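Trainee: Here's the letter readout for the chains.
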Amino acid sequence: MSEHSHGEGAPHDHGDGFGSHSHIHRESGPPQPDDKVHSYYQILGIALKELLIEKGIVTAEEVRAAIEEREAITPARGARIVARAWTDPEYKDRLLADGNAGAAEMGCPMTYTELVAVENTDDVHNVIVCTLCSCYPRELLGLPPSWYKSREYRARVVREPRAVLKEFGTEVPDDMEIRVHDSTADIRYLVIPRRPAGTEGMSADDLEALITRDSMVGVAEVKTPPA
Amino acid sequence: MAEPFEPGDAVRVREDYPPGHIRTPVFIRGKEGVVTRTFGRFDNPEITTYELEGPQKTLYEVRFRQVDIWPDYDGSPSDTLDVDIYEHWLEKA
Numbered sequence: 000m001s002e003h004s005h006g007e008g009a010p011h012d013h014g015d016g017f018g019s020h021s022h023i024h025r026e027s028g029p030p031q032p033d034d035k036v037h038s039y040y041q042i043l044g045i046a047l048k049e050l051l052i053e054k055g056i057v058t059a060e061e062v063r064a065a066i067e068e069r070e071a072i073t074p075a076r077g078a079r080i081v082a083r084a085w086t087d088p089e090y091k092d093r094l095l096a097d098g099n100a101g102a103a104e105m106g107c108p109m110t111y112t113e114l115v116a117v118e119n120t121d122d123v124h125n126v127i128v129c130t131l132c133s134c135y136p137r138e139l140l141g142l143p144p145s146w147y148k149s150r151e152y153r154a155r156v157v158r159e160p161r162a163v164l165k166e167f168g169t170e171v172p173d174d175m176e177i178r179v180h181d182s183t184a185d186i187r188y189l190v191i192p193r194r195p196a197g198t199e200g201m202s203a204d205d206l207e208a209l210i211t212r213d214s215m216v217g218v219a220e221v222k223t224p225p226a
Numbered sequence: 000m001a002e003p004f005e006p007g008d009a010v011r012v013r014e015d016y017p018p019g020h021i022r023t024p025v026f027i028r029g030k031e032g033v034v035t036r037t038f039g040r041f042d043n044p045e046i047t048t049y050e051l052e053g054p055q056k057t058l059y060e061v062r063f064r065q066v067d068i069w070p071d072y073d074g075s076p077s078d079t080l081d082v083d084i085y086e087h088w089l090e091k092a
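Protein chains in written order, with numbering that gives the first Met the number 0: chain A, 0 to 226; chain B, 0 to 92.
Take these hints with a grain of salt, some might be off.
[What the hints assert, rightly or not] Now the stretches of chain B that chain A is said to cover, found in silico as 3 or more residues with beta-carbon under 8 Å:
(1) 14-25
(2) 34-44
(3) 80-86
[What the hints assert, rightly or not] Some chain A residues close to chain B (C-beta under 7 Å, calculated; not the full set):
(4) I72
(5) P74
(6) D185
[Claimed, not checked] Here are a few chain B residues that sit away from chain A, every Cβ distance over 10 Å (derived from the structure):
(7) E5
(8) G29
(9) L58
(10) D73
Hints were generated in silico from the structure; no laboratory data involved.
Bear in mind that the values here come from a model prediction, so they are computed numbers and not experimental data.
Every residue gets a Cβ at the ideal spot worked out from N, C-alpha and C, and that includes glycine.
Same shape as in the complex, but just chain A (with noise of 0.2 Å):
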């Protein structure tokens, strides 16, 4: 199901079938990619889309450009908030005590929610669900993975976030807190991961290189690149 509309505002995520129309025409040869069947929020979606623009509300070129838009964000906007926090001290006491101020600083604005930076240490480690729907810092991280917005992942990092870390292939220490953040309501979430070591003399440039988005989401560590 897509993000509801609490302050995120549109477009929200409709899948492959937002753009097309929901019949099935599909007579032989092997599966196409656009030939599965909508469910009942997809088609809503579809026909809420071609009344507006029947209507007169938004052009289908809007819709279209502010997919483009969306789609348009990629996590390199994460990684230099997390790059210059690595860097700036001063800079990431700023970001810490007013996420909103720290990304407008970095050319990031958010748009309708409130951005809360929550910083990785040797003794907490971080992670980002959003269980009711998929909230999501979508202003610097892009469109959430399919997975964030899965039942299992929000179902399932909230009642046993060691054995999800796990899968993912992060392992955190029994004497280290996992803190689960639930982004139920107005507020966003970046993780700045764990500056891994061996990377104290790299740039700003060169540290946003390594920093990826599963990091900022908190279920991987960034790893010291090969010597």
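Dock chain B against the given chain A, drawing on the hints supplied.
Mentor: Below, chain B alone, put in the same frame as chain A:
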């Protein structure tokens, strides 16, 4: 106006199951935690989702111990879950 809660307060999530667009996860209702942060006042999604006017609510970050939520939790006893909860879903514990 004084805020109903402040960081450090022990709170219990109301154990209530009304219909509507409720942003308080069911698995946390009736559970006890501690307020760790006050985010400020926000629109109440239970009202705005129906395009109705209503007062804003203070939003809190509430920290729960995993072992207090799941009786059979087998991770570290120090593991926690932070949930963002509106004031009207919290009562003093």
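Trainee: Of the numbered hints stated earlier in the document, which are not met by this structure?
Mentor: 4, 5, 9, 10
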